[in-house]
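**Student:** Sequence:
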Amino acid sequence: MKKVLSLFIVVLMFATVLSVQVFAKDKPSYTFRYAELNPDGHIMDECGDYFAKLVSEKSNGRITIKVFPAGQLGDEKTVYQTLQMGGVIDICRGNTNSLGDFGVKKLTLFGLPFVFRDREHLWDVLNSEIGEEFLREPQEIGTGMVGLFYLDEGSRHFFTAEDIVIDSVDDFEGLKLRVPTTELMTETVGALGVQSTPISFSELYSSLQTGVVDGAEQPFSGYYSNKFYEVAPNYILTGHTYSPSIVLMSEASWNKLDAEDRALIMEAAKETEEWNRQNIERLDKELLEKIKAAGVNVIEVPDKTPYIEATKDVVLKYIAGYEKYYEAIQAK
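Going by our numbering, the sequence shown opens with residue 1217, and the numbers climb by one from there.
Worth flagging that the hints you see were computed from the coordinates, not collected in a lab.
If you're wondering where the values come from, they're calculated on a predicted model, not measured in any experiment.
Glycine included, every Cβ here is placed at the ideal spot set by N, Cα and C.
Hints may be right or wrong, so weigh each one.
To be verified - Computed cross-link-like contacts, DMTMM-like style, restricted to lysine to aspartate or glutamate with a CA-CA straight-line distance of at most 20 Å: (1) Lys1321 / Asp1529; (2) Lys1472 / Asp1242; (3) Lys1501 / Glu1516; (4) Lys1533 / Asp1387; (5) Lys1269 / Glu1483; (6) Lys1443 / Asp1379; (7) Lys1243 / Asp1477; (8) Lys1322 / Asp1529; (9) Lys1392 / Glu1446; (10) Lys1506 / Glu1490; (11) Lys1243 / Glu1419; (12) Lys1322 / Glu1348; (13) Lys1274 / Asp1477; (14) Lys1520 / Asp1334; (15) Lys1520 / Asp1386; (16) Lys1321 / Glu1403; (17) Lys1548 / Asp1334; (18) Lys1322 / Glu1353; (19) Lys1443 / Asp1256; (20) Lys1528 / Glu1399; (21) Lys1443 / Asp1291; (22) Lys1508 / Glu1446; (23) Lys1508 / Glu1378; (24) Lys1486 / Glu1349; (25) Lys1274 / Glu1483; (26) Lys1528 / Asp1387; (27) Lys1508 / Asp1379; (28) Lys1274 / Glu1487; (29) Lys1501 / Glu1483.
Stated by the list, open to error - Between beta-carbon pairs, the in silico distance windows are: (30) Gln1425 / Gln1546: 35 to 43 Å; (31) Gly1427 / Tyr1538: 36 to 44 Å; (32) Ala1510 / Thr1294: 41 to 49 Å; (33) Glu1348 / Asn1276: 36 to 44 Å.
Produce the entire structure from the sequences given, and follow the hints as far as they go.
**Tutor:** Structural data, given as structure tokens:
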């Protein structure tokens, strides 16, 4: 009797394992395309690769994410538009302040000049209820995009051609700078007297080289990895915006996933976010040393009060109707 019972248990266990394996095999496989503007090896590209690796591991290879760096799938605005339509691009990493042109309002607050005091303040906000609420905004207002997680690329600083040295906020008057083509960024630099020049990111290096523009702005990672120091060797540490990146998924692609796969994606998202947070500060320090070693004229800005004063009207315009959120961010 015991032998019969033991045999029954073994058969039952084998059948259970087999049924689980069959069930797992029956779940659909997916291949998602992930758009990244920055080149291979940039911290944002590495975050995309890390996220893809985690998703593959957690799904036992059933869900594949292919990262396309260096703007292969288009510039930021084109990628957002394509993501909304679904089918060609499934996931992208972009800047929160670029979403303002797509009807997103709350996330735009993250791109306001000098809204964050430092990196710790940024992450305190992103990991709070405010950050969670803002992450849901693209989907809730019907953009066709689903917020997955935030990334920290670092605060943004201006850089200029060799013959243009910035000693004060007044020196920006009349300069032609390339900035992201959003109303917020155009108005922010406009408050400094800058003429915003719309140029795609892929054409920025040659535009600096030929004098089409006098400068631009990027965090350490973007400035160094794209070798802008070769054609614009003055780097002014204004830290004028510290808008975090956001990773979004096409709602059409998101809707293909069942609850289990969505949970898997979000688990990988949080782990990628943490990996980014653990590595970005170290990387920033290393990059600043590399920038200096490349012979760049790094200009410190110990007192940012003149910049804050110059852009305060921009802040007042964009927080209208969202004062409670702005105040909550500042209170963190």
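**Student:** Next, verify each hint and record whether it holds.
**Tutor:** Hints, verified against the model:
Proximity of Lys1321 to Asp1529 is assessed by CA-CA distance (about 17 Å); at most 20 Å being required, the pair is judged to hold. About 15 Å separates the Cα atoms of Lys1472 and Asp1242, which keeps this hinted pair within 20 Å; it holds. Distance check on the hinted pair: Lys1501 and Glu1516 sit about 15 Å apart at the alpha-carbon level, within 20 Å; holds. About 25 Å separates the Cα atoms of Lys1533 and Asp1387, which puts this hinted pair outside 20 Å; it is violated.
A threshold of 20 Å between alpha carbons decides the hint, and for Lys1269 with Glu1483 the separation of about 12 Å falls inside it, so the pair holds. A hinted pair counts as satisfied when its Cα atoms are at most 20 Å apart, and Lys1443 with Asp1379 qualifies at roughly 18 Å. Taking the CA atoms of Lys1243 and Asp1477, the gap is near 10 Å; set against the 20 Å cutoff, the hint holds. With a CA separation close to 18 Å, the supplied pair Lys1322 and Asp1529 stays within the 20 Å bound.
Using a Cα cut-off of 20 Å, the hinted pair Lys1392 and Glu1446 holds, with the two alpha carbons roughly 18 Å apart. Of the supplied pair hints, the one linking Lys1506 and Glu1490 is violated, its CA atoms being roughly 25 Å apart against a limit of 20 Å. For a cut-off of 20 Å, the pair hint linking Lys1243 to Glu1419 is broken: about 43 Å separates their Cα positions. Under the criterion of a C-alpha separation no larger than 20 Å, the hint pairing Lys1322 with Glu1348 is consistent with the structure, at around 11 Å.
Pair hint Lys1274 plus Asp1477 holds up; C-alpha atoms about 9 Å apart against a cutoff of 20 Å. A C-alpha spacing of about 13 Å is found between Lys1520 and Asp1334, which places the hinted pair at or below 20 Å, so the restraint holds. Between Lys1520 and Asp1386, the direct Cα distance comes to roughly 13 Å. Compliance with the 20 Å bound is thereby established for this hinted pair. Note on Lys1321 and Glu1403: the hinted pairing holds, with a Cα-Cα distance of about 16 Å set against a maximum of 20 Å.
Straight-line distance between C-alpha atoms of Lys1548 and Asp1334 comes to about 11 Å, which keeps the hinted pair within the 20 Å bound. At roughly 7 Å between alpha-carbon atoms, Lys1322 and Glu1353 fall within 20 Å of each other, so this suggested pair holds. As the CA atoms of Lys1443 and Asp1256 are separated by approximately 13 Å, the hinted pair is consistent with the 20 Å bound. Under the criterion of a C-alpha separation no larger than 20 Å, the hint pairing Lys1528 with Glu1399 is consistent with the structure, at around 15 Å.
Among the hinted pairs, Lys1443 with Asp1291 is consistent with the structure: their alpha-carbon atoms are about 19 Å apart, no more than 20 Å. Taking the CA atoms of Lys1508 and Glu1446, the gap is about 12 Å. The hint holds against a cut of 20 Å. At most 20 Å may separate the alpha-carbon atoms for a hinted pair to count; Lys1508 and Glu1378 meet this at roughly 15 Å. With a C-alpha separation of about 15 Å, the suggested pair Lys1486 and Glu1349 falls inside the 20 Å cut-off, and the hint holds.
Distance restraint check for Lys1274 and Glu1483: the Cα-Cα separation of roughly 9 Å lies within the 20 Å cut-off, and the hinted pair is therefore satisfied. In summary, the hint linking Lys1528 to Asp1387 is supported, as the alpha carbons are separated by about 18 Å, within the 20 Å threshold. Restraint check: the Cα-Cα separation between Lys1508 and Asp1379 comes to about 18 Å, which is no more than 20 Å; the hinted pair holds. At roughly 12 Å between alpha-carbon atoms, Lys1274 and Glu1487 fall within 20 Å of each other, so this suggested pair holds.
Between Lys1501 and Glu1483, the direct Cα distance comes to roughly 29 Å. Violation of the 20 Å bound is thereby established for this hinted pair. Between Gln1425 and Gln1546, the C-beta spacing of about 40 Å keeps the proposed range 35 to 43 Å intact. Look at Gly1427 against Tyr1538: about 39 Å separates their beta carbons, and that is inside 36 to 44 Å. Distance hint check for Ala1510 and Thr1294: the Cβ-Cβ separation is about 31 Å, which falls outside the suggested range of 41 to 49 Å.
Distance hint for Glu1348 and Asn1276: a CB-CB separation of about 29 Å, inconsistent with the stated range 36 to 44 Å.
In this structure, the earlier hints numbered 4, 10, 11, 29, 32, 33 are contradicted, and the remaining ones agree with it.
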